[in-house]
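In the order they appear, the protein sequences are chains U and C. Residue 38 in my numbering sits at position 38 of the first sequence, and the numbers go up by one each step. If you want my numbering, it's the position in the second sequence, counting the first as 1, plus 1000.
Hints may contain errors.
What the hints assert, rightly or not - If we take Cβ atoms under 10 angstroms as the criterion, some of the chain U residues that face chain C in the derived model are:
#1 Asn57
#2 Asp60
#3 Thr111
#4 Ser112
#5 Val132
#6 Gly139
#7 Val144
To be verified - For the chain U half of the interface with chain C, some residues (derived, Cβ under 10 angstroms), not all of them:
#8 Val62
#9 Leu99
#10 Ile136
Keep in mind the hints are simulated off the structure, nothing from the lab. Ideal Cβ positions, reconstructed from N, Cα and C, are used throughout, including at glycine.
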Amino acid sequence: DAQNAFKVRLSIKTALGDNAYAWDANEEYLFKAMVAFALRRYSSKSTTQISNVLLCNVTDRVSFWFVVTDSSKNVTTVPGSEVEAAIRMNRNRINSAFLLSDKTLQFLKITSTLSPPVEPSTPVWLIVFGVVLCLIVAGIFFLVVAGIQQRKKKNKQSTERENLEEKGEVTVTVENGIPCETLDLKAGHINGVFATDDERFTSL
Amino acid sequence: AMEKSRPLWDNPLQFVFACISYAVGLGNVWRFPYLCQMYGGGGFLIPYFIMLIAEGMPLLYLELAVGQRMRQGSIGAWKIISPYLCGVGVASVIVSFFLSMYYNVINAWAFWYLFHSFQDPLPWATCPLNSNRTGYEEECEKTSSTQYFWYRQTLNISPSLEASGSVQWEQALCLTLAWLVVYLCILRGTESTGKVVYVTASLPYCVLIIYLIRGLTLHGAVNGLVYMFTPKLEQLSNPKTWISAATQIFFSLGLGFGSLIAFASYNEPSNNCERHAIIVSLINSTTSIFASIVTFSIYGFKATFNYESCINKVILLLMNAFDLEEGSLTADNLNEMKDYLMATHPQEYTQLLPQLKNCSLEAELDTAVQGTGLAFIVYSEAIKNMEVPQLYSVLYFVMLLMLGIGSMLGNTAAILTPLTDSRVIAAHFPKEVISGVVCFINCVIGLIFTMEAGNYWFDIFNDYAATLSLLLIVLVETIAVCYIYGIRRFEKDLHTMIGRKPNWYWKIMWACASPLLIISLFIFYLTDYILTGTLQYQAWDATQGQLVTKDYPGYALAVIGLLVAASTMCIPLGALSTFVRKRLKRESVSTV
């Protein structure tokens, strides 16, 4: 008997919270009907009746044992493997009849296969990676090109100035070839490095 | 010929932001909260602030002043102070080079987690299924889903250092991206760096404020905060507390790498570096405390969540075993019900006893973690339980990236400034090419850390590449400025730059307190290494789902020795080579 019997455990309050229904005789009737329905669908013979499903040991937890008898062969129970396969096939329907899930309506000997998480064809992270990579490479390219252009302009400017100097037309005041503007930095102090250089040499 | 003028920061704010961006790094987020927890909670702040005043501010001011005065990178600056000290600059560059090699791998990991945050549910929230879909992956069952994601799916870590494994292409891609980002920020020198630091310095604060608000409103956050801030003043008598405080201040400010000298060298000579030194060190320490508040509210949330799950599991177990009505067992009446059940059904209860775990909030809070474990495992675990986890995940890893890139900018500046200063190299190659070559070399060497055993090599570099060498470098720096260059000369230089002489506090710290502190730290570390004998590391055991301690193999110890020697030996070798060169010159002059 124990081999073909299954323990069922329901966690209605966990699943539904305030909307939980009480477990009474009507719910038991529905359960018997669902098991009978599952067996009918599985074995495609319409001989299983609700009265064939027997429940016992109903506790406050809401857990109980059930067996399915076979009325065609006298007082024998349907083999457990058949019942298990039938329930596995119709698990979804049984769960939704009670507004529960695989976790809250447990058939203790029947392990459910877990559904794998949805995997898109290209992993999402590669897409984001690609976007960021393109942005960065574009930025680098833009900065390098701008730098090269700036350098070309500076070279042209300095060659122009040299030509102007040779022609003696330059009006920019220079000191040792450096225009005074660049010398006139905001730091117009004595360059302390050179001041202390003398000290270094005399100490030798 | 036309002299190229030295590039400058656009305004002093850029300089301050660059220093803040460099100093405020991952250590503030993942090391300080751990130290606070281990060494007395609120009481740790006392040694922390004492050390800040005794060594943090003076040494920071010293480095900034040297850089601003000499207007050269670390090699040039120390050569000017004394020709025998060229080795100090070279040692700084070598240490910076080692640091940049392994530090960018953290940014690669941050990118990896960032890219994986755009999924629902987050990939580290659930375990993957095993091959026949009847349950979860075995390794993931033994440990938690966040640890599994870190050790298996991110690192794909091997069981020991010897089993090197192959390069993980996903990590290699992220590392390449991280180096490209760094290259983009540094390729134009201060022009580009100066703009980037506005973002890298300020964005982490925005995220921390958001996290503070979110963290404080989480259920159970108060538990964590109370736990952290209750001062355990007896820890003050433990010498390790003071040493940890000194070490944390020292390394948190990033002294000795040459980055601060490099940044300061781009200042105008009249910049008030005294004020900036005080501001930067205060902001750095305040950020550490601020980050601890955030971290501990998150800890409290995570610990409370785990504690409540544990209790719920116990309740479910008891309900199923004794077929009790749902809702009859709650967290409040659990203990009474346990006694009642033990009295009424003694046999079944004793059978069940080994499975009934004693859930304790204290035990959950006590799990102190530091380093990559905190940043990537603990935080991601807390994030997955929040509402809208994708948003918080993205914010958090963007913040980690900003902190990491900010520090990388300082590291690369420390390497590039001496290179671009030296006329030999700078004459032939434009700075874009020099930056590119440095980034490329670092990226290729960094591929070592993307191998399966890469994380073990990372730990070697993290623990040994910089610690002893930096202490020695900064010690030599302080002694050089105070006694070889002369504190009076230094005073005069500061007077020229800022307009007033440093007061007695600075002079006492530079001349006595800071060198003494550094010497004691140095002696402590040396004796610690010598006393512990063989060095050990934590390896991940996939079969048990936890870390186990193993000894380093011989060649790993050789690498450690090489890392330390490569930088520290430069100082005496530099002095020796200058001495020899002068001798030869004197001889050649005298023979003429």
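Verification of the supplied hints:
1. Asn57: 9 angstroms, holds
2. Asp60: Holds, about 4 angstroms.
3. Thr111: 6 angstroms, holds
4. Ser112: Result: holds, 9 angstroms to nearest chain C Cβ.
5. Val132: 7 angstroms, holds
6. Gly139: 5 angstroms, holds
7. Val144: Result: holds, 6 angstroms to nearest chain C Cβ.
8. Val62: 7 angstroms, holds
9. Leu99: Check failed: Cβ of Leu99 (chain U) comes no nearer than 15 angstroms to chain C, outside 10 angstroms.
10. Ile136: It holds, given that the least Cβ distance between Ile136 (chain U) and chain C is near 5 angstroms, below 10 angstroms.
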